[in-house]
Amino acid sequence: MKNPEEAIEKVLAGLRDAPVPDGMERRILRALEDRPPSQSHAPWRWLFVSGYKTVAVCGIALVACALMLAFSTTSMRHSNKPAKLRANSHPPGSHPSGLAKADPPSDKSIPAKGILAVPVQSSRPMHRAALHRAQVAEPEAHPAVSFPPPPLPLTRQERLLLRVVNNRPPVELAELIPARKAARDEQERVEFERFFYPPDDGKTNTAQ
Amino acid sequence: MGPMASIEECSLVLSSIKSEGSEIDLAALVETYSALLFRVTYSLLRSRAEAEDVVQDVFVRVLEHQQSLPAVRDMRVWLIRIAWNLAIDRRRRIRPEQMDTAFAETLAATSISVEKALDEAQRMQAVLRELERLPKAERHILLLSSLEELDTREIANVLGRTESAVRALLFRARTRLRERLEKGGSK
Chain X
1 MKNPEEAIEK
11 VLAGLRDAPV
21 PDGMERRILR
31 ALEDRPPSQS
41 HAPWRWLFVS
51 GYKTVAVCGI
61 ALVACALMLA
71 FSTTSMRHSN
81 KPAKLRANSH
91 PPGSHPSGLA
101 KADPPSDKSI
111 PAKGILAVPV
121 QSSRPMHRAA
131 LHRAQVAEPE
141 AHPAVSFPPP
151 PLPLTRQERL
161 LLRVVNNRPP
171 VELAELIPAR
181 KAARDEQERV
191 EFERFFYPPD
201 DGKTNTAQ
Chain S
1 MGPMASIEEC
11 SLVLSSIKSE
21 GSEIDLAALV
31 ETYSALLFRV
41 TYSLLRSRAE
51 AEDVVQDVFV
61 RVLEHQQSLP
71 AVRDMRVWLI
81 RIAWNLAIDR
91 RRRIRPEQMD
101 TAFAETLAAT
111 SISVEKALDE
121 AQRMQAVLRE
131 LERLPKAERH
141 ILLLSSLEEL
151 DTREIANVLG
161 RTESAVRALL
171 FRARTRLRER
181 LEKGGSK
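Note that the protein sequences, when read in sequence, are chains X and S.
By our numbering, the letter at position 80 of the first sequence is numbered 80, and the numbering carries on one by one without gaps.
By our numbering, the letter at position 100 of the second sequence is numbered 100, and the numbering carries on one by one without gaps.
Treat the hints as calculated values from the structure; they're not laboratory data.
Do not take every clue at face value.
When the alpha-carbon atoms are kept at most 27 Å apart in a straight line, the in silico BS3-like pairs for lysine-lysine are as follows [unchecked claim]:
1. S/K116 to X/K10
2. S/K183 to S/K116
3. S/K183 to X/K181
4. X/K2 to S/K136
5. X/K181 to S/K136
6. X/K2 to S/K116
Values in this document were obtained by computation on a predicted structure and should not be read as measured data.
The following block holds chain X by itself, in its conformation from the complex:
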């Protein structure tokens, strides 16, 4: 081809200077105006895809719903069993040793604390997931029950007593026990009398 640069420029200029169709702006504006406003933000547009995609999406949604329903039913069954046991184990009107106070659902403002809630929960173990959810949702309602209470500090008298028992001589220890104190007194009296009032044999010998 002769003079290809000129041909190239001519083609590119033709593309560049293509005339705009008459009334294009008006048609575009009218199309935008006639456009339903709901399509501008259509989050559910994917529901209207045709063909196998719709079937696949609906199938996945149904399976997910079924799984969620089954899981929630299982969780509810496991979590409701202890409540049923608790309700059926005691006849109405007879509350054994304050268990009625430990019934948590009646008043949510008072959390079920303390040891009273322990036998009810341990009678039937909750489902692990349900238990975890319950602990996460209400951490103070399930305190750690197996820990013994911390030892109380000793009183002053107890501390003195310990000191006497461990460190002081048996004389002071005997002061604390009446029987030993009486035995001790008797022993001292006998020793006193033996020292100051010797037996009669000696007195007789001296007189002679």
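Given chain X's structure and the hints, the job is docking chain S onto it.
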């Protein structure tokens, strides 16, 4: 509401479409950029109906994303980029016979004789054929560079390339096209 009689009436209606956070006037956008977007899309599609359809799609996209319009820094480049990508998608769907076959004939001068005009049209047709045979990146840059409104930086932004890459591809495209045409066009 009856059919619109003028652009002004449409503008009045569309001005109510403006979102609260956006002060973009869609009617003004259409008036300002529709011709440019038409030329951009027509250079790739070479079909007036398809190009106009793509331009309309561009403004539909603008309407859908009007909440994010204030964050757009360069509205012109942003619109051209949308139009270009939509035109590429549309180009995959249309057949070659749907493209404007009379475009090459319209490029031939009308003042020359019929035989010469026929030869000229065949030359233009050969150029268009070779243009289509170019690698895609080179063809796109050559078409976008033919629009005098776009400089190298804007072409780079539209195509997501660096300016140096755009210059290199443009040089390669023109060289390759010229060499092929000098060899006699496509077989």
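Notebook entry, point to check: Under the criterion that the straight-line Cα-Cα distance not exceed 27 Å, is the pair S/K183, X/K181 satisfied?
Noted result: Violated - the C-alpha atoms of X/K181 and S/K183 are around 135 Å apart, more than 27 Å.
Next item on the list: Compare the distance between the alpha carbons of X/K2 and S/K136 with 27 Å, and conclude whether the hinted pair is satisfied.
Entry: Within the cut-off at roughly 25 Å; holds.
Check: Between X/K181 and S/K136, is the straight-line Cα distance small enough, at 27 Å or below?
Finding: Not OK: X/K181 and S/K136 at ~116 Å, beyond 27 Å, violated.
Next item on the list: For the pair we were handed, S/K116 and X/K10, check the Cα-Cα distance against 27 Å.
Entry: holds (16 Å)
Notebook entry, point to check: Holds or violated: S/K183 with S/K116, Cα cutoff 27 Å?
Noted result: holds (21 Å)
Next item on the list: Verify the proposed pairing of X/K2 with S/K116, using a straight-line Cα cut of 27 Å.
Entry: holds (14 Å)
Against the hints set out earlier in the document, violations occur for numbers 3 and 5.
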